[in-house]
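**Q** Residue numbers (this note's numbering), protein chains in the order written: chain A, 1 to 373; chain B, 1 to 308.
If you are wondering where the hints come from, they were derived from the structure by calculation, not from laboratory data.
Cut-off 20 angstroms, straight-line C-alpha distance, at most; resulting in silico cross-link-like pairs (EDC-like, lysine to aspartate or glutamate): (1) B:Lys107 to B:Glu205; (2) A:Lys36 to A:Asp190; (3) A:Lys87 to A:Glu105; (4) B:Lys107 to A:Asp228; (5) A:Lys193 to A:Glu79; (6) B:Lys107 to A:Glu230; (7) A:Lys36 to A:Asp186; (8) B:Lys107 to A:Asp231; (9) A:Lys6 to A:Glu347.
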Amino acid sequence: MILSRKELIGLTILSLLILAVLPLALDTFRLNLVGKYLTYAFVALGLVMCWGYGGILSLGQGIFFGLGGYCMAMYLKLEASSVENTKIQSTPGIPDFMDWNQITELPFFWEPFHSLPLTLILVIAVPVFFAFIIGFAMFTRRVGGTYFAIITQAIAAILTILIVGQQGYIGGINGITDLRTLHGWDIRTDDAKLILYFVNALLLIGCLLIAFFVKHSKLGRILVAMRDKEDRVRFSGYNVSSFKIFVFCLAAGISAVGGAMFALQVGFMSPSFVGIVPSIEMVIYAAVGGRLSILGAVYGTLLVNWAKTSFSESFPELWLLGLGGLFIAVVLAFPNGLAGIYTSYVEPYVKRLLSKKTEIIPGGTLPQGSPAE
Amino acid sequence: MFADYSLAELGSIFVMQGFSGLILFSVYLLMALGLAIIFGQMGVINMAHGEFMILGAYVTYFTSQFFLNYLPPLFPGYFFLAMILAFIASGVLGMFIEWVMIRHLYKRPLDTLLATWGLSLILQQLYRSFFGAREVGVELPEWMMGSVAITDTIEVQINGLFVISLTLAITVAVALLMFKSRWGKQVRAVVQNRIMAGAVGINTEKVDRYTFALGCGIAGVAGSAFTMIGSTGPTAGQLYIVDTFLVVVFGGAASLLGTIASAFSISQAQSTLEFFLSGSMAKVLTLLSVVGILMLRPQGLFTLKVRR
Chain A
1 MILSRKELIG LTILSLLILA VLPLALDTFR LNLVGKYLTY AFVALGLVMC WGYGGILSLG
61 QGIFFGLGGY CMAMYLKLEA SSVENTKIQS TPGIPDFMDW NQITELPFFW EPFHSLPLTL
121 ILVIAVPVFF AFIIGFAMFT RRVGGTYFAI ITQAIAAILT ILIVGQQGYI GGINGITDLR
181 TLHGWDIRTD DAKLILYFVN ALLLIGCLLI AFFVKHSKLG RILVAMRDKE DRVRFSGYNV
241 SSFKIFVFCL AAGISAVGGA MFALQVGFMS PSFVGIVPSI EMVIYAAVGG RLSILGAVYG
301 TLLVNWAKTS FSESFPELWL LGLGGLFIAV VLAFPNGLAG IYTSYVEPYV KRLLSKKTEI
361 IPGGTLPQGS PAE
Chain B
1 MFADYSLAEL GSIFVMQGFS GLILFSVYLL MALGLAIIFG QMGVINMAHG EFMILGAYVT
61 YFTSQFFLNY LPPLFPGYFF LAMILAFIAS GVLGMFIEWV MIRHLYKRPL DTLLATWGLS
121 LILQQLYRSF FGAREVGVEL PEWMMGSVAI TDTIEVQING LFVISLTLAI TVAVALLMFK
181 SRWGKQVRAV VQNRIMAGAV GINTEKVDRY TFALGCGIAG VAGSAFTMIG STGPTAGQLY
241 IVDTFLVVVF GGAASLLGTI ASAFSISQAQ STLEFFLSGS MAKVLTLLSV VGILMLRPQG
301 LFTLKVRR
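All chains, full assembly: derive it from the sequences and hints.
**A** Okay, here's the thing in C-alpha cells:
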C-alpha cells in the first residue's frame, strides 16, 4: 500500500488539476509557464524528501537541477550543431559558442552526449554521482545541519563560477541556447510543447508516487526517526549515514529530471538556474508548500511562481518585498506551510461538512511532529 | 609558468600579490568577525549579513557627501565619524531585527537562515527604492590616495594600508571585548550553558540582543571600510556572503583565532593563484580546496574538543 486514502484523493485532485484543468483553462503561453514551474516542483519535491523527512537542508539543489539540465542541453546542442547547420563557422560541427571562443575540437566530456540513450542515463547518473560524493564525504563524517547547508551552498557557488568562467567549453554566462530538436523532433512547435507539458506532468506524478512509496516504506520511517533523534537510531544499529546518502541522492535524481525537462521545454539552460539564489528560492517553494507535505511541494511551487510572474509583471518592485516577506512569514508563522494551514484550519471544517455529525473532530495538530532542527 | 620571469620579478610579484592578499584578508576578516560572533556564539545563520554591511557603506557614503557639501574643511577626517555612525546604524537595525525576528528562532537554526534570507531580499529592495539602483562610490580624502614605493618594483596603496590597520584595530578590540570584559564573559557563559547562565543571574535575552547588535555593528564598520576600496550597490552584499560563511566555518565557528587564520589562508591562496590563473579559476580552486579540507575536518581548523 503506497498511498493512504487521504493521499490518494489528494494525488487524484492534483493529477486532474495539472493534466486536465490547467491544459483546458490556459492558452499555450500560460501553459508553457506552468510547465516551467512544474519542472521546479521536482526540486521542491526532492527538498521535501531530504529536508522535511531526512532533516538535511541542502542549499545546493540548484546544482542537481542544473546538472540534469546541462546534460540534456548538451545533447540538444550537439544535435542543433550538425555539420550542415553550422557550415558558416570556421570549424563546422561544433556548438557555436565554442567556435566564437576559438575552440576547434569538441571537448572530451561532450562526446557521450552524441547518443540519446546515454544522455538519458547521464541526466540522472551525473547528478546522483555528484550527490553521492558530497553525501558520502559529509554524512560519514557526521556533518549535518547548518554546516551541511553552508557547504552545499559553497558548492553551488563553485559550480556557478566554474560554468560562468568556462565560456568556451560550456557556454559561460549565456548558457546553452538555441536548442532545436530532440532526436529529429522539433521541440519548438506548439504541439511539441503541449506533448512535453504532458510528459513533464506524468513524470512529476511518477516522482510523487516514488516519494509516497519511500515515505510509507520502512526506509521512510527510519528517515523520520533519524531526523528526530539521530543518536537513538544509530544506537539501534542502523547505519545512519547510508540512509542520509540515499535520500540525498534520491532528491538529486528527482531534481535532475526537473532540470532535463526544463531544458526541453524552455529551450535553453543557463547558470542562472544553478547558483545560490535559485537554490534558496527552491527551498522556499518547499517551505511554502509545507516541508512535510509531498503534494504541498507542487502547490507551493505553482503558487510562488504564479505570484512571482503576476507580481513582477505589474509591480516589479513589490515582488522582492513580497518574496522576502513570504520567507519570514513562512518561517515565523507557518513552519509547516500551506499543508500545515490546511491540516490545522481547513481540514476540521471539511471533515465536519462531510460527516453529518456536528461534533468537531479535534484538529489543530500539526502533522508528524515538529520540523527538523 | 615561472620561466618568463626573473627571480627579482618573481619576488616582487609575490610581495605585491601578498599585499593585495592582505587587503583581501582584511576584507574577509572584517566581514567574518561579525558573522563569527553571530554564528559562532549564537548559532544564528545570518544571511542578511551582507546587507548590514551595505547599510554601513551607504551611511559612509552619505556622511562623505554631507562633509563634502557642508563641512569641506573637515572632509579629511570624515571617515572616522562615518565609521562610528555606520556601527550605530547597523547595530541598531540588528537590535531591532533580533527583537522582531531572531529571538523567536533560537531553537531552529536552519530557519534563521530562511528568515534572514527573506530579510536580505527586503533590505535590498529598500536600498534600491531609497538610494537608487546604481552603484555609489565615495570620494577619498587626499591623504588616503596614492601609494608608497618600497623598492623600485614594489609599491603599496595607502588606502590598503589603512584598511589593514583598521582591521587589526577592530580585531584587537573585539578580542579584548570578548575575552577581557565582564560582558564578554557573560556572552561566553550564555553560549556554553544558557539555562545555567540564566540561573546565576545573567539576563540571557539582553546578552543575546547585544551580541547580535555587536555582530551587525561590526558588519556596518566592514561596509564602511569597503567604500575605500570599491563601490557599493544594493545587491553587493550577496556577493560576499558565501565567502564569509566559508571563512567562518573553515576557521571553526566559535574560534576567533580560527577565523583570523582561515581568512588569512583563503585570501592569500586566492590572491597568489589569481596572478597565474584567471580570477574565476583561482576562486574555484580556492573554494574547492576549502570545501575539500572541510570534508576531511568538518569542525574547522581551530576547534575545542568537546563532547557532543
